[in-house]
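Per our numbering, the very first residue in the sequence shown carries number 1; after that it's consecutive.
Simulated from the structure, these hints should not be mistaken for lab results.
For every residue, glycine included, the Cβ atom is placed at its ideal position computed from N, Cα and C.
Treat each hint with caution, since some may be false.
[To be verified] In silico EDC-like cross-links for lysine to aspartate or glutamate, where the CA-CA straight-line distance does not exceed 20 Å:
#, residue 1, residue 2
1, Lys-1020, Glu-946
2, Lys-44, Glu-99
3, Lys-1020, Glu-924
4, Lys-175, Asp-274
5, Lys-657, Asp-644
6, Lys-944, Asp-1007
[Unchecked claim] Simulated DEER-style distance windows between Cβ atoms:
#, residue 1, residue 2, range
7, Arg-377, Arg-49, 27 to 35 Å
8, Asp-506, Arg-377, 31 to 39 Å
9, Glu-528, Asp-506, 32 to 40 Å
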Amino acid sequence: MPPQNPDWVKALKPSGPQGSELLAQERANSDINVDQLSTFLFTKEVLERNDKILKILQADPVFDKEQNYFRGRTDRLEAALARGKALRRLSVKHNWNEEEHHAANDLISEPTPYGLHATMFLKTLEEQGTPAQHKLFLERARNYEIIGCYAQTELGHGSNVRGLETTATWNHEDKTFTIHSPHLTASKWWIGSLGKAANHAVVVAQLILNGKPYGPHPFVVPIRDMKTHEPLPDIHVGDIGPKFGYNTMDNGFLLFNNVKIPHVNMLNRFSGVDPETGKYIRPSNPALIYGTLTFIRSSIVFQSGSVLARGVTIATRYCAVRRQFQDRDADASETGENQVLNYTMVQHRLLPLLASSYALFFTGRAMINLYNANQKRMAQRRDAGDANRKPGPEELSPGSDHLADLHAISCSLKAFASTTAAEGLEVCRRACGGHGYSAFSGIGSWYADYLPTVTWEGDNYMLTQQVARYLLKSARAVLAGKAPDNGISRIFKEFIRRQDIGAAFDVLDSDQDLVDAFAWRVSFLTFEALKHRDEEKQSWNSLLIDFWRLSTAYAQYQVVKNFHEALQDEATKKSLDPNTLAIMHKLFELFALHNLQSSASEFFTSAATTVRQIQLARTKRTLSLLDEIRPHAVRLVDAWSFPDWQLDSALGRYDGKVYEDLFHRASEVNPVNDIVFDPYPESDVLFRKNGSGPKAKLRWYNVLIYGFRNYGMSSGHYESYDVIGALRYIHKHKDTKDTIISLLARHMGGSIDFFAMGKHPYALRDTRAVVFLSQHEQPSNVILYHCSITPIRLGRDDMAILTGNLLPTSFYATSSFRPQTKSSTPRSSTSSTWINCSTMATDRQPEIILYDLACIKNICFSPVVWKIRLMLNYKCIPYKTIFLEFPDIEPKLKELSGSARYTVPTIHHVPTGKYIMDSPAIAEFLESTYPNPPLPLSSELGRKIETRARSAIGPAFRISVTPRENLILSPRAQEYFRAKNEARMGCKLEDLMDPEKEEKTWKAVADKMSELSDLMLTNKDKGPFLLGEKPSYTDFFIAASLQSARTIDEEIFQRCAAYPGFKAIYKACIPWMEKKN
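Using the sequences plus the hints, can you model the full thing?
Right, dumping it as structure tokens:
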């Protein structure tokens, strides 16, 4: 565990009014009834249900969030898998329904590897499978007997589903389909739950009958063995690697090599292949296949409001606590700093997002209700129920014609709502200032995990084309007099009726007129696009920007309309008191006017508003609304009822203790603070201490498990419970709860431990290794797999066999059953030993291979290489040197890198395989790849010094250094060096070594050297380097030149070191010159 803060630090408090006091005052200034508004949004039953589920989750250590922000990807995946399994067990234990399970997922607030199984896989089986397929696949999937995913997107195709390359070819002889990936780009890619979790996939593949393609269709394909979970033959599957976010999900790739599946594995509720004739059975209504995607997109719209609300809650509370600067117009007696939320610019950024969160919530709820109503309509009017239905496609059900309308609405709203939420979260993060960039803000990870929503289930830009196609088709139907009586037809007809006399919408004083103005804009943009397409014959591609604007306008109209209708509903008026309802109306108006101003040109051009109205909306009404909503902002976000445990944010705490929580997480929770660096370059040790307490000393597990063990007297009947009880105790006890290494002592019935671990793998959620001291008992592969642990076996001679680099630098292992003391010094005993992991493996492998110039002194002498060597030593980057003779540089580097130029220094970056030449390029690469500690590569002072140094030192070094450099080279290198330089200089090297000429040259540059020296001392009061306390690349440029001179000839070095500036910088850089051979 990281060290605890000393008492004097714990006694410190933030300056000025405390956060808790500020938020309490905020809540006192508003008359919003938070409980009433929360109940209206979610119902009392849902709120009580969520509280109950929250307590269950908080009581289970597997859901502890304390280390969430510190875990790497592998650890996060492991934790997510443990949580997913525990969540499933809790669902069974408490008999949770689907809504309760989703509520628990929302509280956990991170994806688990079961995410796509519980959503797309189950929904696709349900929507597109027949009753027989439900029995075969769906029932087993619901019981988690099979784990699935939805594999549509490919490496080469995403939005263009018709372009998918995976094929499903019908084999009439044995009535099977052959699933095949003909190209690398046919690899399924980005598929959630596929990388490691799923053993089945709904694979969307191109159906091929008798050589003819029939488009993409869904097939259920087993991909992993149900017992071993290893990939099945001719299937290549794995995880695609780290992502921008969403890293607790195992997004995967999948390739097939002519894999056969039976006929029944084609989901054929709507279309299929007749197994007797081999003929294609077409869907009775293509719109029916919209069902699953429409549901998913409707769900995204429904979630977008609460997604945005989470960021707004954090930012609003923090901006109410944070104080910066004094109000310029405040009374002179008011000396305190102003709350950030009081600044109009902050209100302008946050309060429209607050309004948007409510607008999207009401719209999402309306969207789900619309979807459910249509599903119910279709079920009620279906001619034959599923129970009586024969195998084959679904007959067209009255009511399914509404699916096209639903599809278009869901496409437009999915694009708008997810874009609004994603962009809004970034606005919220930036509104939090510098602390918004901290992971502890709770916004960054939430934003990164949500961001793929703008791409999956239809890229937001691509979806706008489908919306435009629907709107143009509807407009044509209206003009032809064949339009159905639906919402879009009605607003089009009203537009046609009034377009000649114009519109006169009072957007500043009438809520209904505000809604109508948004409808008018949709109609105007639709008929404009129709004119461009049908009359002017413009290409589809040339109109894509117009279509995007049209789709956005249509979505905004839907949101404004739904928000307005929700507030006009009688149930709303009965549920909210007049004051709260009035504020909700102000939020509606702010949302509408904010979006109107953002697209002012479209409203003005369409004649929905006048320029004067837009000007008044911007300069008066919107500012007035911000001022009126501001006092209620904190209570309005409180109504979302996010518990602190769900937000996991230091900035968004309900009690306002922002700075206390930030400091606690950084200082007492942060595991990096449990590490002690070895900063000295001459040492190969990186960490003097890597973790403390039970993390590094295995004996604590030995002691605790010893206390719970009965030495096999129960014949193993109860011992497994003892083991798990010990592990649970460890996770809860304050001194051992952060232990990540498990020690298993040798005892009678030792295999019971592994049996227990196999039955209760969640108890080992943070375990990286198990040490067992028996020479004959070996845990089975199955149990090790379930536990996700690595065995370490200690034999009679205390020889450790490590199967993975998973231990700390050293640990203490004992085979004694006697409890050990807490002393950090191991006792001297034949039954105990220190095991140093670093002695059982090779030294830390170099990440850089540095190619340097060889000389007979066997050390570095080149100034350009010394710059890079100094940088490597300063940054403690592990590297090794390969020295090359001058004649060998070109053939060797040509062989290795294939580059057209061959110079030293050259580095080979081992992790990436890159070869980089020339010191400036190498320096830039090292600084970007290894940013800590930072090394400024340039500065105004540095550039001035480097430019003058080349003109000052250059002539002297050419006459003094060059001929002497030849003397430290090997004979074959001398031949190369002499030929090259004598041709360049036009004289023999010996001719340069004229004492009189040499002295004259040094005197000629003396003044320039003196000026340079003074420049180097510009910041001497701040530190020994050019820029003060820390070195820069220019310091290394100077030190490298002097060190090169010193290696070649001490007298040349002393000439330079006679100037104070040169000497000071060289001396300051000496610590990074030790490694030079």
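Hint-by-hint comparison with the structure:
1. Lys-1020 with Glu-946: holds, 18 Å
2. Lys-44 with Glu-99: holds, 15 Å
3. Lys-1020 with Glu-924: violated, 27 Å
4. Lys-175 with Asp-274: Status holds; Cα separation ~10 Å.
5. Lys-657 with Asp-644: holds, 12 Å
6. Lys-944 with Asp-1007: Holds, at roughly 16 Å.
7. Arg-377 with Arg-49: 27 to 35 Å: holds, 29 Å
8. Asp-506 with Arg-377: 31 to 39 Å: holds, 37 Å
9. Glu-528 with Asp-506: 32 to 40 Å: With Cβ atoms ~24 Å apart, the hint is violated.
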